[in-house]
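*Asks:* Input sequences plus hints: build the corresponding full structure.
Heads up: the sequence lines are chains H and Z, in that order.
Per numbering that gives the first Met the number 0, residue 0 is the first one in the first sequence, and the count goes up by one each step.
Per numbering that gives the first Met the number 0, residue 0 is the first one in the second sequence, and the count goes up by one each step.
Among the hints, erroneous ones may be present.
What the hints assert, rightly or not - Below, computed lysine-lysine pairings styled on BS3-like, alpha-carbon distance capped at 30 angstroms:
1) LYS123/Z <-> LYS213/H
2) LYS213/H <-> LYS143/Z
3) LYS469/H <-> LYS498/H
Derived by calculation from the structure, the hints in this document are not laboratory data.
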Amino acid sequence: MATLGLELERSSASRNFDPKWLIMGFVVLVVAWLALVPLGFLLWQSFMTPASAAAEAEFTFRNYLEVYTSSETLRLFGNSTIYALGSSILALVIGTGLAWVCERTNTPFKSFFYALSIVPMFMPGILFVTAWIMLASPNIGIFNLLLQRAFDTSYVFVDIYTLTGMMWVDGIQHAPLAFLLMSATLKTMDPSLEESALMSGASVFAVARRITLKLALPAAAAAFLILFVRALESFETPALLGLPVGIEVFTSAIWEALHGYPSDIGLGSTYAVTLLALTAGGIYWQSRLARNAGRYATVTGKGFRPRVMDLGRWRYVTAGLFILYSLLVIGLPFLVLLWSSMQRYYSVPSWDALQNISFDSYRAVLAFPSVGTAVWNSVMLALASATAVMLLTAVICWIVLRTQIRGRWILDNIATMPLVMPGIVLGLSIMICYLVIGGGIYGTIWILLIAYMTRFLPYGMRFNSSAMLKIHKELEESAALSGASWFTTFYRVVLPLLKPGLIAGWIYIVIISVRELSSSILLYSPGSEVIAVVLWELWQNGQYTQLSAFGVMLIAGLFVFVLLAQLISRRVGIREV
Amino acid sequence: MLGVRSLNTEYKIAQGPAVRAAKNVSFEVPTGKFFTLLGPSGCGKTTTLRSIAGLERPTSGEIEVGGKLIYSSQQNVFVPLNRRNFGMVFQSYAIWPHMTVYANAAFPLEVRKKSLTKTEIRDKVMRVLHAVALDEYADRDATKLSGGQQQRLALARALVMEPELLLLDEPLSNLDAKLRERMRFELKRIQRDLGVTTIYVTHDQSEALALSHEIAVMNEGEIIQVGSPRAIYERPRTKFVAEFIGTCNFIDGVVLGKGTRDHAWQVRSPLGDWQAFSEDPLQEGGKVSLSIRPENVELSDEPFSTGAPTNLCKGVVDQKVFLGDFIDFQVKVGETLLLARTHPSLRTPVGDPIHVRVAPEKCVVVSANSATA
Ligand SMILES: Nc1ncnc2c1ncn2[C@@H]1O[C@H](COP(=O)(O)OP(=O)(O)OP(=O)(O)O)[C@@H](O)[C@H]1O
Ligand SMILES: [Mg+2]
Chain H
0 MATLGLELER
10 SSASRNFDPK
20 WLIMGFVVLV
30 VAWLALVPLG
40 FLLWQSFMTP
50 ASAAAEAEFT
60 FRNYLEVYTS
70 SETLRLFGNS
80 TIYALGSSIL
90 ALVIGTGLAW
100 VCERTNTPFK
110 SFFYALSIVP
120 MFMPGILFVT
130 AWIMLASPNI
140 GIFNLLLQRA
150 FDTSYVFVDI
160 YTLTGMMWVD
170 GIQHAPLAFL
180 LMSATLKTMD
190 PSLEESALMS
200 GASVFAVARR
210 ITLKLALPAA
220 AAAFLILFVR
230 ALESFETPAL
240 LGLPVGIEVF
250 TSAIWEALHG
260 YPSDIGLGST
270 YAVTLLALTA
280 GGIYWQSRLA
290 RNAGRYATVT
300 GKGFRPRVMD
310 LGRWRYVTAG
320 LFILYSLLVI
330 GLPFLVLLWS
340 SMQRYYSVPS
350 WDALQNISFD
360 SYRAVLAFPS
370 VGTAVWNSVM
380 LALASATAVM
390 LLTAVICWIV
400 LRTQIRGRWI
410 LDNIATMPLV
420 MPGIVLGLSI
430 MICYLVIGGG
440 IYGTIWILLI
450 AYMTRFLPYG
460 MRFNSSAMLK
470 IHKELEESAA
480 LSGASWFTTF
490 YRVVLPLLKP
500 GLIAGWIYIV
510 IISVRELSSS
520 ILLYSPGSEV
530 IAVVLWELWQ
540 NGQYTQLSAF
550 GVMLIAGLFV
560 FVLLAQLISR
570 RVGIREV
Chain Z
0 MLGVRSLNTE
10 YKIAQGPAVR
20 AAKNVSFEVP
30 TGKFFTLLGP
40 SGCGKTTTLR
50 SIAGLERPTS
60 GEIEVGGKLI
70 YSSQQNVFVP
80 LNRRNFGMVF
90 QSYAIWPHMT
100 VYANAAFPLE
110 VRKKSLTKTE
120 IRDKVMRVLH
130 AVALDEYADR
140 DATKLSGGQQ
150 QRLALARALV
160 MEPELLLLDE
170 PLSNLDAKLR
180 ERMRFELKRI
190 QRDLGVTTIY
200 VTHDQSEALA
210 LSHEIAVMNE
220 GEIIQVGSPR
230 AIYERPRTKF
240 VAEFIGTCNF
250 IDGVVLGKGT
260 RDHAWQVRSP
270 LGDWQAFSED
280 PLQEGGKVSL
290 SIRPENVELS
300 DEPFSTGAPT
310 NLCKGVVDQK
320 VFLGDFIDFQ
330 VKVGETLLLA
340 RTHPSLRTPV
350 GDPIHVRVAP
360 EKCVVVSANS
370 ATA
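*Replies:* Structure, rendered in structure tokens:
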């Protein structure tokens with residue numbers, strides 16, 4: 000079959016020019032441009048002095064010398080690592096626990112919790128962080144104010160503006176990711192491994208500790224690295240919680256370097272390159288681990304039946320933990336946003352404040368001209384980037400998985416490379432790139448589209464390749480044998496078969512692009528704001544009530560979108576969204 | 000020792016009514032015996048076994064082990080599976096890949112409530128590993144064992160806690176043919192040596208015949224017949240049992256009346272008016288089926304001169320297949336085809352007439368037109 004494919008390729012290539020090469024060449028160029036060029040500019044910039052009106056930029060090692068000899072960097076490194084460690088461990092512990100409860104026990108209402116635990120995935124990070132500031136800041140936090148009133152003191156009970164607070168907010172927000180990764184692992188584990196331990200006389204918790212968790216360990220290590228890299232990349236939490244009190248991590252330091260006066264783009268680039276090295280190391284290690292992670296978790300096929308363990312009375316405890324988690328991650332943040340959105344001035348819930356309920360903030364938000372623009376921009380960007388990414392990566396995956404072209408693995412790596420680029424690093428690279436080469440793209444919405452496409456390429460690759468692996472090669476070959484051209488085969492056979500995977504990936508990219516902040520924050524300009532940027536500005540201006548109103552509307556909108564998406568995906572037969 | 004009475008187990012599924020995977024299953028197993036549940040795929044063998052193990056919760060019935068009720072729907076008894084002290088070997092072996100051979104076998108002793116000392120555990124584990132000839136591999140990673148060794152390790156792990164009951168779910172089905180044969184003898188030896196009461200599940204009839212003291216044949220969730228391997232093979236009650244265990248000729252007939260001996264009945268069929276065997280009394284004029292195993296059909300070029308002159312007929316050789324150890328003849332008696340398996344010395348050519356005889360006790364009456372029960 001492989002030789003047949005080659006045969007077809009060769010003969011058609013020699014006889015007349017096949018448009019397939021045109022399409023493939025174009026796609027390869029676009030992807031290579033997106034993923035490689037900005038990175039090159041970032042590296043270049045980190046070795047350059049800042050250009051100014053007086054002096055040309057020139058080559059220098061000063062940026063690196065300065066960065067690597069300063070104790071500031073050591074502190075940054077320490078903060079970043081501790082923060083990422085704390086947040087990822089917290090997320091992993093919560094996520095794994097919930098996954099075990101959901102997959103392996105007879106906890107009541109667990110399918111409901113399952114659906115619920117996905118909700119934080121589509122809530123913009125900046126809203127989550129601001130909601131937690133309203134809950135737990137020392138000055139305006141509801142927890143403190145209520146407790147202070149109750150005990151009649153001015154003691155600060157909880158302070159979110161600390162490293163611990165940052166880990167907490169980031170960790171509980173990303174527990175759903177750990178939950179999804181770990182429940183996928185538990186799902187593929189042969190239940191008879193646990194059943195035989197039960198038969199040996201072990202208690203449910205001994206089985207969980209000595210068999211289930213041990214077996215899930217390799218997968219958990221891989222999940223931990225994913226979470227760790229993600230925490231290193233996170234921008235909203237360190238920027239909103241760390242910067243005001245001087246706790247800096249790499250992402251927020253890049254932002255400070257660029258945004259301070261005078262802006263130091265060389266320093267920012269050097270930080271960015273350093274952070275990139277860290278995340279790349281993490282991802283590399285993770286991919287090596289993931290290759291081994293399947294070693295334990297094997298499905299044997301015959302005799303496989305998922306079975307849950309009876310927790311007895313403990314199942315109410317596990318249900319309670321779920322409720323607590325849902326409250327902390329969904330209930331309280333949403334309620335506090337809802338509350339503050341209905342106030343004229345931000346205030347703590349009380350009887351007096353209840354008299355002042357108003358919808359002024361909603362009216363005010365809707366009247367902001369930038370809000371309308373931002374929503375329009377975000378929606379357009381989401382639709383355009385999701386469509387473009389899914390189509391581009393469909394072709395890339397086809398080349399990687401279906402052709403014998405030499406060096407196709409390089410293409411695979413190029414397209415998945417943006418995975419290691421933190422949003423703010425990507426934003427910075429793209430900014431430098433289009434500032435230097437010009438072309439009028441900088442300052443328009445197109446630069447955001449380029450950023451989004453680059454950022455989400457790896458997700459497109461993942462959805463497409465898993466979908467394409469399920470399609471038998473013979474289906475395409477029989478189309479080719481029936482006389483269809485490559486384009487017709489791709490359009491009439493491959494794409495329709497890929498549809499479920501394409502739609503699932505498309506929906507996912509739409510959702511995450513609406514939340515995107517860390518790249519956009521460096522690339523937007525007046526007129527090309529997006530939703531997350533407007534939220535950010537509202538926060539910086541102290542317009543908490545308007546921010547809350549916008550947030551509530553946004554969450555409602557996203558919720559409707561997700562419901563619709565689920566309906567659609569059920570129609571086209573997608574399981575996971 | 001083990002008593003299962005009117006056991007019913009259902010699976011709830013998302014759409015439609017619950018699947019009744021075990022219906023009214025009842026059987027008794029005396030201490031130290033090897034009891035086999037045999038039946039086609041999906042007939043509910045695993046379900047029955049898992050219900051005994053406590054891995055599934057039955058909907059009704061009663062299970063008693065060693066005089067103790069471990070499940071009873073009426074008295075609302077359900078002993079949790081981790082207090083039942085049964086050993087089980089899963090179809091996939093379920094060897095824990097993150098432990099060594101020794102750790103796998105020691106696990107049941109370590110998690111026990113009554114604590115044993117390290118040396119006691121060591122002694123017991125090594126003894127059982129020795130019994131399955133794995134003592135040399137004690138410190139090896141469990142994943143670095145061959146299929147047969149994994150199977151023996153699973154057995155050792157099930158035996159180490161000296162279970163009251165050993166449950167085996169198709170333990171040989173993942174092995175290749177040669178190894179399967181060898182492990183069959185191993186299994187039989189170990190079971191007889193230790194005298195542990197064993198429930199064995201398989202869909203392989205030769206395995207069941209080779210290993211068991213007693214076999215229960217199941218179909219569609221029900222037990223069709225219980226008996227010793229010989230009884231099941233020689234005296235099947237229904238067409239289903241006869242067909243499932245070995246090949247069989249089925250000849251439809253009508254009961255004429257009682258025969259000359261005990262359990263002998265006169266049956267009219269296309270083969271003639273023959274004597275046939277039936278344990279159950281038959282109705283005169285009732286429609287029945289005769290089941291005749293091919294190896295019990297005697298063929299001869301010459302008329303039979305010895306023995307009783309009953310159950311004789313004449314046919315024509317229709318086809319024959321040489322199979323080495325024996326030769327299969329297809330004989331046409333009137334319009335009826337009869338399969339016979341004989342010694343290869345018989346050389347009657349196709350188309351020639353041939354004499355046929357079947358001993359009356361090998362001509363077993365099974366209830367007609369009932370595939371299941
Ligand atoms: N978890 C389940 N949910 C629903 N139905 C089930 C479940 N497990 C088994 N069944 C059904 O119950 C019936 C009996 O299944 P069981 O596994 O006991 O068969 P078996 O005799 O062990 O078959 P095999 O020889 O293939 O292992 C089958 O029809 C099967 O489809
Ligand atoms: Mg089975």
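*Asks:* Any hints from earlier that this structure breaks? Give me their numbers in increasing order, please.
*Replies:* As far as the earlier hints go, not one is violated by this structure.
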